[in-house]
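Let chain H serve as the given structure and place chain C on it in line with the hints.
For the record, the sequence lines run as chains H and C. The numbering used here runs 2 ahead of the 1-based position in the first sequence. The numbering used here runs 5 ahead of the 1-based position in the second sequence.
Derived from the structure by calculation, the hints contain no laboratory data. Here the structure is a predicted model, which means the values were calculated and not measured.
Residues from chain C that keep clear of chain H, each with C-beta distances beyond 12 Å, as calculated: (1) Glu39; (2) Ala42; (3) Val47.
Derived DEER-like restraints, expressed as beta-carbon distance ranges: (4) H/Gly176 with C/Asp68: 28 to 38 Å; (5) H/Gly211 with C/Ser46: 50 to 60 Å; (6) H/Asn99 with C/Ser51: 45 to 55 Å; (7) H/Leu285 with C/Pro45: 51 to 61 Å.
What the simulated footprint calls covered on chain C by chain H, stretch by stretch (three residues with Cβ under 8 Å from a Cβ of chain H suffice, anywhere in the stretch; the number is not a length): (8) 80-88; (9) 161-175.
Note that CB positions come from ideal geometry on N, CA and C, so glycine has one too.
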Amino acid sequence: MSDTTRTPEGETPAPAADRPADETNGRLDADGRRREHEIWVAGTEEPDWITNATDEGAQEMLPRDLDPAVSVQRGVTVTDDYLEEEMIVDDERQIINMGPQHPATHGVLRLHMELEGETVRRVKPIIGYLHTGMEKTAETLPYMSGGTNVTRMDYLSPLNNELCYALVVEQLLGVEIPSRGQAIRVLMTELNRVSSHLIWLATFGMDIGALSMMIYGFREREAILAFFEKVTGLRMNHNYIRPGGVAADLPDGWEDDVEGIFDVVRAGLDDYQDLLNGNPIFLDRTQGVGVITPKEAHQYGVTGPIARAAGINFDLRKVFPYSGIEQYDFDVPLGKHGDVFDRYLVRTEEIRQSLRIVEQVLETMPGGDYRTDDRKVTPPPRKRIDESMEALIHHFKLFTEGFKVPVGEAYQAVESPRGELGMYLVSKGAAKPWRLHVRTPSFATVQSLPVMMTDLIVADVIATLASLDPVLGDVDR
Amino acid sequence: MSDESIPQDESLEAQAAVEASPALELPGDPILVELAAAFPSVSFTSFEPLSGPRQDTAIVDRDELLAFVQAVKDAGFETFIDLCAVDHLNREPRYDVVTILLSMEHAKRLIIRVGVPGEDPTIPSITSIYAGANFYEREAWDLFGVIFEGHTDLTRILLPDEWSGHPLRKNYSVGSVPVQFKGSFKSS
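Chain H extracted, bound-state conformation (with noise of 0.2 Å):
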């Protein structure tokens, strides 16, 4: 880490290459293209390059004693049972990484690993891969249209973004959504919940070598994808939940839909629990791995279904209930451990809770408009502008200048499959945010990875990675 990287003004130095540039064209061949390969001996004195082999510049990893310490969090420094810290020689310890392209990091992520042996002593994320500005762009979109960029983030999970993004729009507008309107949008993201949950147990088996899992998964989430693009016309990225309500109405038969929807989801669980939960293979690879503290969960942030397989009773859906879903009964299902197989337990379990709205949802489905009825939200109907100038009028100034909303600042939460989606909003009264700020489940995740992956060995690793269920598009934005 270079001290240039804190210029205040912004104009921040390029850090300088680890090697001289004369040194590093003397590598190269004629054409500039191809680097000698060095070999170094094995017992002699190791060379510079080798030494500096994993030096990152401004993100490679600090010495231990600089490090953010993760044993000042946990309040103790694990020592191995069989190598006292003593006996290790420093060369013993190797820095690897793992990623930005393994199949195991769903996405691009990288981890810096020290391993000494198996065992992994320190882990350092690094994300930025896949960043893309979002927060920037929404800054530049109309309330409007801010949907089709939030529903980018999390692509497992799109309605959910969209959601959350139209609530915290709706606050400042000061609208109400009619209830039918308020109750799809309840239907929709449950529903997005469970394909998003299926699609993580199928790449967790994956991941931990039940490789026929990925199949099942997908299989039973395609059902749901179909309904999807029934309602939306689109597997993904629906811009389907807006400001206002929804974009338009369930098709005829939807409920015919959705009960085929819990014949095939629900025949699937229960093989899925059959195939892996006697499984000793399964188990012994899951059960004490990966473990997370309530305590550390605070102090990282992490929530959704990691903080409640380590024990913490908190769903937004419970604690700050939004779009009518204090209205449906479900439970909240809790783990006991903190560890991979508890964090298994509880996605299978909220598929379960998941289910059972959807299916008062149906039973309970209100009538009525699935929009607000503010003009200055909603554009009038198709024939009314045909015969009303105002409506006309109306109609172009949404679609041209979009609705304005008042100055404010708001935060919006909802429970994203993968735990506390926010965002925080300020509006200063123009048609487009003045800045949207989104706090996403997975950023406090991966910053997390370090405290439940040190000390774990390599294999381990991978399973803690696949347990928590990042999606590095989330992260990155």
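Just chain C now, kept in the frame of chain H:
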């Protein structure tokens, strides 16, 4: 990259309205009343949305931030939720750093807002109190250039290390910045 393009579409009256938030009466919450008694210079505002919980904001001076955050943590706000910066451009102080804390026991959120002047964008880091602020402060530094004093590893987190400038500042022009990937200057 030019720093001259300043967005003009925001009216100054709207900005004035933000600044002139009404004088605040204390939200009738025992925890907040206690905090307000201990920190007389801290002011509180609340926003009551049509649905959902009331949002209480504490506006804190940056010199008092560490003591206040510690007091808030001791008052039961055990969970770190969020930290972000906001650039108000033509306002003084120019930046806001917004921290959101949660008390699961009392089912309560507290938003802490700290003004940071544009010519001296420094603020004490709260990583010693909430370890989870680590990545969030790095992100705020990366995107806004707000310096968190006391942070042990304040480096770029989302952008490449060689990036210059802080793109979420309002005077950072959008577009036409060549993309430079990490490490590309070494191998090409």
